[in-house]
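There are 2 protein chains.
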Amino acid sequence: MSDAIVKQIEEQGNEVRRLKGDKSSTEDAKNEAIQKLLALKLAYKEATGQDYAAPNARQSKPKKEEKPKEKKQQQEKKPDGKKQTLLGVGTKKDENYSEWYSEVITKAEMIEYYDVSGCYVLRPWSFAVWEAIQAWFDSGIKKLGVKNCYFPMFVSNAALEREKTHIADFAPEVAWVTRAGQSEMAEPIAIRPTSETVMYPSYKKWVQSHRDLPIKLNQWCNVVRWEFKHPTPFLRTREFLWQEGHTAFANPSDAEKEVFQILDLYAGVYNDLLAIPVVKGRKSEKEKFAGGDFTTTVEAYVACNGRGIQGATSHHLGQNFSKMFDISYEDPAKEGERAFAWQNSWGLSTRTIGAMVMIHGDDKGLILPPRVAAVQVIVVPVGFKTENKEWLFDAVDKVTKDLVAGGIKAEHDLRENYNAGWKFNHWELKGVPIRFEVGPNDLAKNQVTAVIRHNGEKRQMSLDGLSEAVKTLLDEIHDAMYQKVLAQRDSHLKTTTCMEEFKKLLDDKCIILSPFCGLPECEEEIKKASTREDGEGAQMGAKTLCIPLEQPKQELPSKCIFPSCCHAAKAFALFGRSY
Amino acid sequence: MSDAIVKQIEEQGNEVRRLKGDKSSTEDAKNEAIQKLLALKLAYKEATGQDYAAPNARQSKPKKEEKPKEKKQQQEKKPDGKKQTLLGVGTKKDENYSEWYSEVITKAEMIEYYDVSGCYVLRPWSFAVWEAIQAWFDSGIKKLGVKNCYFPMFVSNAALEREKTHIADFAPEVAWVTRAGQSEMAEPIAIRPTSETVMYPSYKKWVQSHRDLPIKLNQWCNVVRWEFKHPTPFLRTREFLWQEGHTAFANPSDAEKEVFQILDLYAGVYNDLLAIPVVKGRKSEKEKFAGGDFTTTVEAYVACNGRGIQGATSHHLGQNFSKMFDISYEDPAKEGERAFAWQNSWGLSTRTIGAMVMIHGDDKGLILPPRVAAVQVIVVPVGFKTENKEWLFDAVDKVTKDLVAGGIKAEHDLRENYNAGWKFNHWELKGVPIRFEVGPNDLAKNQVTAVIRHNGEKRQMSLDGLSEAVKTLLDEIHDAMYQKVLAQRDSHLKTTTCMEEFKKLLDDKCIILSPFCGLPECEEEIKKASTREDGEGAQMGAKTLCIPLEQPKQELPSKCIFPSCCHAAKAFALFGRSY
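So the protein lines, in turn, are chains A and B.
The first sequence begins at 1 in full-length UniProt numbering and counts up one residue at a time.
The second sequence begins at 1 in full-length UniProt numbering and counts up one residue at a time.
A couple of the hints might just be wrong.
Heads up, the list lumps identical chains together, so a pair's fine if it works in one copy or across two of them.
What the hints assert, rightly or not - Only pairs whose alpha carbons sit at most 30 Å apart, straight line, appear in this in silico DSS-like list of lysine-lysine:
1. Lys286 - Lys229
2. Lys553 - Lys142
3. Lys147 - Lys288
4. Lys423 - Lys147
These are calculated hints, taken from the structure and not from any lab test.
Treat the numbers as computed from the prediction; the structure is a model and nothing was measured.
Chain A extracted, bound-state conformation:
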């Protein structure tokens, strides 16, 4: 098997070299050939468990590899001879954010690697973030009258292919079940990459009259997109968790109104829970959800690599799917005619957690925004000796219990096989917003020392009214984290009408507001013109992150930013390199 792949890889490699040397070959042809080569290499890796190395390049340079690092961790020894993970993050975020990210998510115990490529274990430390997001968003949509449900994860080919534009987008990434036990299935069955085609045949059945509308359903589930690009935990994974809302209305204005209500909830997840500012906007024609009328999005900015990251999207599907799936009823206004439903779909995924890690983390590790932290306060005993240990541990226990009773997520760390310094590092790495140091001196003054994770600040806090003071402090931390990220972003959010300046700003890790005609061809040209190595070995050009709903105050220039585009600018678009 792997021999056959090796041969294909070699042939495809030759083809890529030929295209690169041939001045008449188009960028598209080259890109396509490169993508195919990468896919073959991934297939090789899946078949053999090893990266493909060209015969003349074997061991020429170390590969970026996740697994070996993990092994390295396991080989670290504790002083007592037992294995443990190496404490602290070995890589600086500024120097190699990709390495840094891998280290943080594993050492903070958010992610465990897994033996199916592109799939990762979400450990309790990261899953708690997801649970906090779920609780908040679920309560928000229920107030809008949305109800939860569960549709099957399997899709028949017939249903999947019903909407052509839509499936063209997903077909290359669909995973197919073809065998059950020892039996080959008569018809392969797909695993949902998203559930439009799963749900809408039911919607057709349920809609017999305008009185059956609106339908407002949501499900929390897993979906599978078998991408062949390099996977990254949370940010690009083959299976991920999300919610997907699917609603249908009798008129377009109700549908459109909901698109923006949901977008506001998505902005709330970022602003109010994750302490991350986002830009609300519409996607360009090129970037919108295939088969929908328009897509709205919340976009965040990742300072360490200057990239934009799509936070969540809320789509207005118009009548496109309702016509394909015949979600219709007798039009009460026009006798004898069918009226088709107006539909939306909207989704938020575990990618949120990856954005949170990238945006807030620092060289010490993870920084958890207080409202999604599994532990908001970690209480650590300090300065104890054998003679006062029991007394001190009781005091630590009491402080912790009082906080918990006050509604704070507090835990203590009374382990005796680690010293206080080790614990400080450990909980900083894990990103707990507040550390309480509880020692005899502070207790004598009826106080504890609070150390704030995100800025390292120390302050004494009285034991009287502690829970209320901690709640206030958690809000203060949330706001400060938000403001810090906002300032970072705003200092990298530039406006220009000049393509040369645009490229320079892009290389300076900026996201850029520029006048844009909105045409997909022109967006493609801008992408090509701004493409260069991104330092990770990948080619990356700018694309539109969104057309911000709130446009810059300055007047819109008449011309699109792309010099050879002769169309009028329709709006300022936000451009950037992007996840």
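With chain A's structure known, arrange chain B on it following the hints.
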């Protein structure tokens, strides 16, 4: 394709007939041949969308079919010419519980049928029951220190096959992904039928020392078991939702203690939420989870067909998996030796909802236990005319809002295109525990009329202190529903030491306590001896539901119930036909 299957079906049919006619053939051989025939027929159905009908038996008798019924429903016409589902349940529960079940779950809008066999849509009306169970159980396990997480749904073949006994149980039902987009995968990847083999390689990594124990994780997820038996919504489906808890301890007593703590929570789901009494017990050697040390279970009784139904299981895995997956650490007690973790796994699935429907429902439809009902009180205006409509609707709205403010799940039905009688039937079919009829006469007396779903009782309730009174009434309803089911069950729970009486009791829809030696071979003999047509066309014998933890007060006879068994009875086992 289907021609090939037809040929195979015909050949296998001949083989089954040959075996049935051949007195020297064993029951096992016959059963195996029949199972293979059924699997082929299912494959035919999946390939063609139609049931297989033998050439000489076409249209000989109407097939039990789900889809046509659904079509029938859609063809019903409303008086105004619009399509609607037929109101009311057309089949009596006593006459044909299987037909009745299909009607109730579709007409009560719990289930929508789906075009992948064995998969069903959980609509909000049933999913709300699952959400109530999730909230209660999740809070219960968190108090025990269990944390939620998420592991991938895909399993590599290598991991899946690690534990042989375990995988022997699941292999025939595993769904395999072999293709992504257009590419065949080098190695097929399985979809989890349960997650022992998914999780335990990570547990191995995480356990380096006894200090890394206990590990207590749970996930709420979907699993796939591609069964070839006839599927039934909720009760036997190819994809289902469940929680699976997986814990690991340094010593067996902590592990065993947890097995029973979880079992108590499972009993709580049935007793305290679903108003269903259950028997707690251990599974026999034959029925226990493969690869585990022992399995505990909660078993409910379904009166309409006299069957037992397994409610949820909590397994003690002993060290079997930890040895296979090397979840071990240096033994602090014995230098140089490895100690292996003691493990449990435990699961509760959406089958709970099916049990609830079967056990509580009546000829009018579903009956929801109050604590899992999406709507606990439906408020319906009655006796209104044009002149007082606005005033009355306002009163209905106020009553509803007051209930909601008081923490009751209340809704009103102010639709004007349905009369009150239609609404009564509709909400009875959907099983809402309490209906409020709000009309001018009652309002004049500062009261409303409450109609209780499960017993049809009417009572007047004062508008003063209504929410508190409703809360009390909901608890009263819960208790009454529980007591009713308990009485039904206890009148069918018999004890015997005589095999002939055993068989008679079984046919009288009883579950039976009998002395039992515990040996798998003997259980097999008892099953064979008690096998007969169950009225559904299937062969069904008795198996042990469990060995009840609470044994009958009477003295255990010395001998096992099976006449030719010469082993001593170990305990009273609870036998029955079973789901």
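Going down the list of hints, with the structure as the test:
Only within a single protomer do Lys286 and Lys229 lie at most 30 Å apart by alpha-carbon distance; the minimum there is 20 Å, versus 47 Å between protomers. Taking the shortest alpha-carbon separations for Lys553 and Lys142, neither the intra-copy value of 36 Å nor the inter-copy value of 51 Å comes in at or below 30 Å. Within a single copy, Lys147 and Lys288 get their C-alpha atoms as close as 26 Å, which meets the 30 Å cut-off; across copies the closest is 38 Å, which misses it. In this homomeric assembly, Lys423 and Lys147 come within 30 Å of each other (Cα to Cα) only across copies, at 21 Å, whereas the closest approach inside a single copy is 44 Å.
In terms of the numbered hints stated before, the structure departs from hint 2 and from no other.
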